[in-house]
Amino acid sequence: MGELQIKKQPTRYDAIIVGSGAGGGMAAYTLSKAGLKVCLLEAGPMYDPKKDITQFKWPYESVRRGASTKTRPFGDFDACLGGWEIDGEPYTHAEGDQWMWWRARMLGGRTNHWGRISLRFGPHDFKRYSIDGLGDNWPIGYEDIKPYYDKLDQLVGVFGTNEGLENDPDGFFLPPPKPRLHELFIKEAATKTNVRVIPGRLSMLTKPINSERGACVYCGQCNRACQFYADFSSSSVFIQPALKTGNIDVICNAMAREVITNNEGKATGVSYVNKDDMMEYEVSGKIVILAASACESARLMLNSKSPRHPNGLGNGSGVVGKYLHDSTGAAVGGYLPKLFGRKRYNEDGVGGMHVYSPWWLDNKKLDFPRGYHIEYWGGMDMPAYGFGGGIQGKNGKHPVNGKQKEAGGYGKSLKEDYRFFYGAGVGMAGRGEAIAREDNYCEIDNNVVDKFGIPVLKFHTKYSDYEVKQARHMKETFREIMHNMGAVITWGDTDDDKNEWGLSTPGEIIHEAGTVRMGDDPKKSALNKWNQAHECQNLFVVDGGPFVSQADKNITWTIMALSMRASEYIIDGLKKNSF
Amino acid sequence: MDRRQSLKALALGSVSSAVLLDACKLMDKKTEEAKAGLPGELTIYRTPEEAERDKKILASHYYNDHEMATMTVLCDIIIPKDEVSGSASEAGVPAFIDTISIDIPSHQVPVRGGLRWLDVQCMRRYGKPFIECTQQQQIEMVDLIAYPERAKGNAELAPGVSFFNHMRDLTASGFYSSKIGIADIGYMGNTPNQWNGVPADVLKQYGISYTEKELKECVSY
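Protein chains in written order, with this note's numbering: chain E, 36 to 614; chain G, 19 to 239.
Calculated from the structure, these hints are not laboratory results. One or more hints might be untrue.
[Said to hold, decoys possible] Only pairs whose alpha carbons sit at most 25 Å apart, straight line, appear in this in silico PhoX-like list of lysine-lysine:
| # | chain 1 | residue 1 | chain 2 | residue 2 |
| --- | --- | --- | --- | --- |
| 1 | E | Lys162 | E | Lys429 |
| 2 | G | Lys170 | E | Lys373 |
| 3 | G | Lys222 | E | Lys242 |
[Unchecked claim] What follows is a list of derived Cβ distance ranges for each label pair:
| # | chain 1 | residue 1 | chain 2 | residue 2 | range |
| --- | --- | --- | --- | --- | --- |
| 4 | G | Ala77 | E | Glu120 | 21 to 31 Å |
| 5 | G | Met206 | E | Asn346 | 29 to 39 Å |
| 6 | G | Ile226 | E | Val483 | 26 to 36 Å |
| 7 | G | Ile226 | E | Asn436 | 36 to 46 Å |
| 8 | G | Gly131 | E | Val483 | 31 to 41 Å |
[To be verified] Selected chain G positions facing chain E (Cβ under 10 Å, derived; list incomplete):
| # | residue |
| --- | --- |
| 9 | Val127 |
| 10 | Leu175 |
| 11 | Gly192 |
Computed from a predicted model, the values in this text were never measured in an experiment. Built from N, CA and C at the ideal position, the CB exists for glycine as well.
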């Protein structure tokens with residue numbers, strides 16, 4: 036043990052932030068801009084989309100032509116380092132339970148590859164208990180967060196349209212891109228199905244908003260992170276400007292071990308392992324802000340035990356780790372015969388859907404309590420590994436340039452088939468709200484540690500009948516839209532009760548939330564309405580952890596709005612010396 | 019050679035070395051051409067661990083010379099040169115299949131076993147492994163396994179049908195993700211541009227148009 040010692044940094048920061056994704060990046064940006072001295076710990080390497088580039092690369096520049104790997108499960112060009120499995124960092128499950136846990140390990144975290152779908156929660160989304168009696172209300176309402184959404188829209192940039200929809204509020208939108216061809220057909224078919232289709236709401240700059248970021252170049256590759264900073268990534272939009280203030284020290288490859296507390300139970304700093312030299316370090320600060328992801332932040336709190344916090348830091352209530360929930364998901368895909376043999380042109384567009392469908396029904400008239408939105412895709416994608424797979428299932432079914440052929444085949448005739456069918460793909464997926472339940476949770480698995488010696492999480496998560504019925508509704512709706520479009524469904528149409536209607540595995544949609552939830556009652560919540568721990572007033576959590584429920588909206592925009600709000604509260608509190 | 023002798027010969031690996039050599043030369047030449055389209059150095063952002071893994075994969079080989087030669091002939095039957103573009107081997111497809119089989123090991127047994135199945139079938143039918151057969155014999159053999167509906171219910175051919183489906187998919191993956199293949203399929207993106215909506219002639223072709231609302235609220239350049 037001679038070599039193992041804890042190195043304590045002499046600087047005492049105003050704030051230590053653990054995690055550099057949406058929540059941590061926003062806090063780092065806001066606090067450093069306000070002149071506070073900030074230390075940002077990130078468990079992965081430095082990353083700058085301007086320098087670390089996969090954008091505009093061709094499939095043949097990847098040895099596997101873009102196929103996925105363990106380190107890049109969404110394909111070889113995807114910008115997010117990490118994935119479902121990380122060597123030396125296991126997690127465990129209760130018997131029969133499933134949880135897929137995506138962990139990003141890099142500056143900017145998951146924001147480097149996310150879909151940039153930037154949806155405000157609406158007034159109903161904060162008060163679902165009052166509507167259907169399930170779960171709990173948030174301690175805040177839309178009116179509390181609206182000013183922050185407004186500021187966020189203008190600071191980060193999002194395109195969309197003001198539609199005057201009650202629960203999908205208007206905002207400050209940049210103009211959206213025009214729909215692509217398949218999106219026009221989707222709109223037509225969905226409208227026939229009585230499903231509303233409106234322009235997408237994505238954080239990509241269709242117009243420049245400042246001199247530090249470029250405008251969108253329509254390469255459709257936001258998942259590779261934009262070297263022009265034209266899409267939102269925490270790495271480019273928050274951390275780079277924060278670094279320019281000179282007020283922030285970013286420590287990368289720093290795996291947080293524990294939040295350190297003093298005799299009064301207040302946070303004094305964070306201990307971490309430096310993955311480069313494998314030495315133990317400690318940084319100290321007046322405020323500790325956790326933004327390590329809903330589950331990692333819960334894990335940190337549960338692992339930070341002390342005489343004043345025997346049940347884990349700020350966990351006298353026992354709720355830390357509970358109410359874990361993800362978005363639900365179900366999808367269908369296929370092709371649109373009227374697009375066969377289509378004219379070629381560049382339709383990359385932005386890296387996501389130009390149109391989408393917000394939830395359009397009233398759950399009081401349905402057999403499941405919460406809604407979902409629909410995301411669409413299709414068209415002339417860049418070919419990559421998997422291109423044209425299974426063509427024998429297609430080229431015997433549809434005449435090619437007027438000629439009926441036999442399924443399968445080879446040669447010049449087959450080349451004609453690949454050209455003919457290219458660009459006709461179309462599909463859709465639902466992203467819905469699951470009920471946050473106390474009995475869906477993560478806890479410390481006392482029998483297992485990771486390679487740093489940190490006890491790992493064990494997951495207890497199951498979907499209920501509510502989510503299954505919602506997935507069934509998704510499938511039935513998608514089938515009807517595909518039918519009304521004249522599309523052929525090739526996958527996702529054989530689901531039924533036996534496989535929960537193709538409902539995604541909990542965690543798979545990568546919208547983890549609820550583990551450190553906020554509330555007015557300290558017995559039933561870990562944080563107050565300012566993202567501040569009830570039992571440790573200089574500890575804040577600003578990732579998906581604080582969410583009481585997560586709506587049928589992607590959670591990133593709300594993570595950032597809440598993080599901005601909490602950051603302003605911290606700045607104010609430090610001025611008043613109130614922590 | 020009768021069937022038993024030919025199988026024995028195959029097992030001993032005494033396939034006519036001249037034929038094998040020719041096929042390998044052809045393959046080497048084509049692989050060299052194809053490598054011109056592949057980066058010698060990695061040109062995409064990789065973590066140090068990823069870079070090390072990728073370089074190792076690029077420098078390794080899974081299939082032996084005979085397998086590579088057979089694959090080359092087969093890939094070019096699947097995707098030959100035509101008036102639009104070159105052949106699978108010109109696009110480096112056999113080398114890609116070798117690489118991807120190391121990267122995704124689940125390809126290894128189906129491809130290696132399938133190639134062997136093909137040779138054994140050819141031995142039985144023509145007394146020679148696939149690459150030594152005449153072009154006519156090769157096509158005759160391929161015709162038996164390239165059309166799943168035609169071969170349906172024929173248990174003897176079923177492994178060949180699966181193998182050919184697998185090879186067709188791998189060949190398409192390799193070909194259409196190559197420079198030659200991308201040009202062939204007519205993908206026109208992956209370049210900075212300004213999206214102005216579906217071209218007018220395409221809208222007209224499909225009898226569809228943007229609404230006034232869309233034209234008013236969407237970005238135009």
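Right, here's what the structure says about each hint:
With a CA separation close to 48 Å, the supplied pair E:Lys162 and E:Lys429 exceeds the 25 Å bound. Between G:Lys170 and E:Lys373 the CA atoms are separated by roughly 30 Å; this puts the pair beyond 25 Å, and the hint is violated. Between G:Lys222 and E:Lys242, the direct Cα distance comes to roughly 28 Å. Violation of the 25 Å bound is thereby established for this hinted pair. Distance hint check: the CB atoms of G:Ala77 and E:Glu120 are about 26 Å apart, consistent with the given range 21 to 31 Å.
In this structure the supplied range 29 to 39 Å is violated for G:Met206 paired with E:Asn346, their Cβ-Cβ distance being about 59 Å. Checked against the given bound of 26 to 36 Å, the beta carbons of G:Ile226 and E:Val483, roughly 57 Å apart, lie outside it. Take G:Ile226 and E:Asn436: their Cβ atoms lie about 22 Å apart, and the range 36 to 46 Å is violated. For the pair G:Gly131 and E:Val483, the beta carbons lie near 39 Å from each other, so the given range of 31 to 41 Å is met.
Interface hint status for G:Val127: violated, as the beta-carbon distance to the closest one in chain E is roughly 18 Å, over 10 Å. The criterion of a C-beta within 10 Å of any C-beta in chain E is not met by G:Leu175, whose closest approach is roughly 12 Å, and the hint is violated. Of the supplied interface hints, the one on G:Gly192 holds, with its beta-carbon coming within about 7 Å of a beta-carbon of chain E, less than 10 Å.
Checked against the numbered hints given earlier, the structure breaks hints 1, 2, 3, 5, 6, 7, 9, 10 and satisfies all the rest.
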